[in-house]
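Between the sequences and the hints, there should be enough to build the whole structure, so can you do that?
These protein sequence lines map, in sequence, to chains R and C.
The first sequence begins at 1 in our numbering and counts up by one.
The second sequence begins at 1001 in our numbering and counts up by one.
I should point out that these hints are in silico values taken from the structure, not numbers from a laboratory.
Straight line, CA to CA, 25 Å or less: simulated PhoX-like cross-link-like pairs of lysine-lysine: (1) C:Lys1182 <-> C:Lys1137; (2) C:Lys1137 <-> C:Lys1175; (3) R:Lys43 <-> C:Lys1175; (4) R:Lys43 <-> C:Lys1169; (5) C:Lys1169 <-> C:Lys1137; (6) C:Lys1137 <-> C:Lys1115.
The following residues of chain R were derived to be distant from chain C, with all beta-carbon distances above 10 Å: (7) Glu59; (8) Asn114; (9) Arg267; (10) Met306; (11) Lys364; (12) Cys391; (13) Val434; (14) Gly437; (15) Arg526; (16) Met535; (17) Cys544; (18) Ala587.
As the structure is a prediction and not an experimental result, all values here were calculated from the model.
Beta carbons: idealized from backbone N, C-alpha and C, even for Gly.
Each chain, letter by letter, is given below.
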Amino acid sequence: MSRRYVLGNEAIAHACLEAGVDFVSGYPGTPSSEIIETLLRFKPSFHVEWSVNEKVALENALGASWTGVRTLVTMKHVGLNVAADPLMTSAYTGVKGGCVIVSADDPFAHSSQNEQDSRCYAKFAKLPCLDPCSVQDAHDMLRDAFSLSEELGLPVLFRPTTRICHQKSDVELGEVATEHRKGSFQKNPQQFVVIPAHTRVLHRRLNEKQPLVKETLARRGYFNTDLKGKDAVIASGIAAAYAREILPPGTSFIRIGAYPIDERWLRDVITAHERVLVMEELDPMVEEAVRQVAGSTIVHGKLDGMVPSEGELSLPLTYRALTAAGFINATDVPLAPVPAQGVPVRPPIMCAGCMHRATFFAMKKVFKDGIYPSDIGCYTLGLQLGAVDTCICMGASITIGSGIYHAGETHPIVCTIGDSTFLHTGIPGLMNAVYNGASIVVVILDNRTTAMTGHQPHPATGSTALGGETPPVSLEAICRACGVQYVETVDPYDLPTLTAAFQRAAEYAGVRVIIARQPCVIIARRAGIQRQRYMVDPERCTACGLCVRFGCPAIETTDEITTITDLCSGCGVCAQICPQGAIMREART
Amino acid sequence: MSDVYNALIVGIGGQGVVLASNVLGEACLAEGRTVRCSETHGMAQRGGSVESHVRINGRYSPLIPPGQADLLISFELLEALRYRHYLKPEGTFVVNEYLVVPTSVYVQRLPVPQKDELLEQLRGDRFYLIDAQALAKEAGSPLTQNIVMVGAASTHLPLAITSLHEGIKRWVPAKTLEMNLKAFDLGRAATTR
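Here is the structure:
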């Protein structure tokens, strides 16, 4: 045992090591990515992979689990949509070795396209779900989740949120297990082949198991009560931490740490109170269960508007709910000062020297009246440059673009998608576009990594999670195999060539693929690639503002004087944009 | 929770805000204190506004509510203004005399914020302005600015210098330790003068 100051995701990873996990798969996604990153730092002797997507990751883990080894799968909440197909039926087949699926939710959508609640998937699939309220809780729950999974013979869904994953705290960690299991597959078609005759039986067994699931979760101590008076706060996840901090004296506290909740236990604790306030993030899962058993007890929460139904909770919002429910007086709430007005926003932007900026610049120049469906990655930040017209989910740029085309839209349609996203779920859309006769340009923004989530490798990079070499997948060959006749690869730092490629593509119909390839500047810098910086010659500069509108964070302008700061990575694209030839390489010193 | 000391560290992605908060967190561990910290990852790192909440002796919430920070350390002037409302009326404000104008200001041709005007808005009681860039250079590398700021704030933190040194040792690359310890001392001297 040792006490350490660690990130939630690091504590989760360490708990897996303590439990002797034997197989790990996942697809990166904020706020889940650091779990596998941490495992890799321990130089594991067992299999760890970044999978192509979440469905692939979960299916790999299921196969491994069926051989008796302990498996972990990690993803963000929206990744669970991709993995939903195997998830639903995995509850029927069950598992042998403990299988824990981490699906990290993101209330307030800090880095996500929606605020969906993974707990709903657990209910939908009839699987047990664990919901930690602190980093220590996440560690302890996950360490025990493998044996829970084995005891029930079911995958366990583990649902942390951003404020657990990206919280650091003092945590008690245990010893890393050194022994690992070796898998062996025993044929059992009644369990592993879900033809109708088998699956009907499996479904009945899953339903019959539900009371056992509830009892087991209760026995393992995932429902805690501190009973005091006639009012109670019932809370889950990080909301339980906020509630505990400012709980009024004399108020009972009930913590829900897992689902499904045993209704008989819940009825007893709820009806022992006159009023209860339910505090939870995202959907009213606990609240709906409470309302079903409440009888004459008054229930407050999201469904009567006392707790917000969107965004994340906080201490101020918890104070507000306690006041609205009448548990405290408005005078008990600390005053909150107002923020300063008029401070210019500082959103995340593409780095100086980012290849996406150059590609978007040429794309917009050639396809001035184009429609720009885009995808999920750093390049979604191209919204600020007017280069992103749609973004809904991984892999949806090509498909949305195809749909817009077939609906009769006559403007040129230029889809942008990153390399990792293309491999994740972009390929079927490309194949479909060719097969069904769409006329679109597809730009694969190939920066040779999964950049946004922290530079994880993928099948086209030639290396694996564990650092092994692997034959790199050719994006060009994939596109051609999908039936694309027009495939051209260009260096986005070479602006004239890039522009000419777009112009050529504009002359043709059908699906045209342009692969813009240049390593992510962060990766290039780490690899030691150094390019001479650029500077502005004040004699030649006419302050036309063209380079400033390019939007590179290394270019500043004050009182019509433009300068290039030391953020410059030397990509040289601004020099190619400047009509006066006023931007040039710094002389070597 | 009256014994909780709230320190909020803010800046821009890439300035080392998270590492600075790690030093504080590790120092808490060295003193056997509990600590809760919440930091910005992912999207916000791409040159965006970054905040790290450190709640020394914290047990529950990892976030500091507005108006409850005992200490606000800002690595940049605009971020100082953006987060000032987190500070308690009697709180301590340690600010780096460094301005980074967001690119959007130039692109959208908004009025460019000026240092003097910002300082006028920020100044008040218990306000400490630090030239972290100059002190970091003096320590040996501009990359030590974040540790200069920790040093400057250290006179107000309820943590022992030895514990903070322990935190620095744990979180900076070994070959830069000496430089960072010097940066810490220079920062500390700047608020004790």
